[in-house]
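> The primary structure of each chain is shown beneath.
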Amino acid sequence: MKHSFIALIEDKCTSCMLCVRECPAWCISLDSHTIDVTEEGARRPRKVNVLDSFEIDYSLCMYCGVCIDVCPFDALAWDEHRALVTTNREDMLLGIEELGPSGSS
Amino acid sequence: MSRSFTWHQVEPKDWRDKIGESRNAGFTFFDFLTGVDRENVEGKQMCEVVVHLAKADLSESHFISTQVLNELPSITDLIPAAQWHERECAEMFGVQFNGGNAKPLLRHENLGRPPLLKSTVLAARVLTPWPGGAEPEIKEDGRKVGNASRRRQRPPGVPENWLKP
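Protein sequence lines correspond, in order, to chains H and G.
Each residue of the first sequence is one higher than the one before, starting from 1 at the first, in my numbering.
Each residue of the second sequence is one higher than the one before, starting from 1001 at the first, in my numbering.
Hints were generated in silico from the structure; no laboratory data involved.
Check before you lean on any hint, since a few could be wrong.
In silico EDC-like cross-links for lysine to aspartate or glutamate, where the CA-CA straight-line distance does not exceed 20 Å [said to hold, decoys possible]: (1) LYS12/H to GLU1135/G; (2) LYS1103/G to GLU1088/G; (3) LYS1118/G to GLU1071/G; (4) LYS47/H to GLU10/H; (5) LYS1118/G to GLU22/H; (6) LYS1055/G to GLU1021/G; (7) LYS47/H to GLU1135/G.
Please read these numbers as outputs of a predicted model, since none were measured by experiment.
Working from the sequences, and respecting the hints, build out all of it.
In structure tokens:
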């Protein structure tokens, strides 16, 4: 496995913010909101975080892998494909769509 | 090729003797000298200084370390190549190497605290918005949506009174 890209497996992410807070380069940002989910037979609705946006700024990322290590749900993983080579800084900012693991899209 | 590594922790008074001894025992390749901020050791602000010496064929290595408050005798007469490293260590960790070259290496003189000490607050970390401040109901800029009640978190390494409420 090449350590050339950090992929997000969106379904596993619970928006817990651990990766964002542990990142030494401050290159991850995440936005989410809370919804109430009522399950059948449950007394009270359960609060669930919904991921709105997840971005890794690859112009800041130093590929240390701390985010992958701290994620308790294995929602981040090393991946084969590479962040873009570009002259535009904004292209280095990858969101949920672009961060999907290779082979998924 | 198998390599052997040995660690030697010495008192500051034995620092030069131990390094001279290793050098004379054939550990002539000087790799590096660096500092490690140990912060609070029994109530004292200690810095650990480490030297890596190896045999010329790299088959054996000696790591020699000592813990100091803020000064240590220089080893530049034993190992001239250590001068650059001592100057760097002095600048970054505030360790004074007595008998060495005291000229600053990269930073201007009197430019505030040594930057690699953990107690040095990095101003950029205070001025840059921290993405980790966001919560499901608190946005990155501190805006609250929903019924958020949690206290705002502080970025690592930034003391409480450095952030405006």
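> Run every hint past the structure and note whether it holds.
Here is what the structure says about each hint:
Among the hinted pairs, LYS12/H with GLU1135/G is consistent with the structure: their alpha-carbon atoms are about 18 Å apart, no more than 20 Å. Proximity of LYS1103/G to GLU1088/G is assessed by CA-CA distance (about 10 Å); at most 20 Å being required, the pair is judged to hold. Pair hint LYS1118/G plus GLU1071/G holds up; C-alpha atoms about 18 Å apart against a cutoff of 20 Å. About 18 Å separates the Cα atoms of LYS47/H and GLU10/H, which keeps this hinted pair within 20 Å; it holds.
For a cut-off of 20 Å, the pair hint linking LYS1118/G to GLU22/H stands: about 16 Å separates their Cα positions. Simply put, LYS1055/G and GLU1021/G have alpha-carbon atoms about 13 Å apart, close enough for the 20 Å limit, and the pair holds. Only pairs whose Cα atoms come within 20 Å are accepted, and LYS47/H paired with GLU1135/G is accepted, the gap being roughly 13 Å.
Checked against the numbered hints given earlier, the structure satisfies every one of them.
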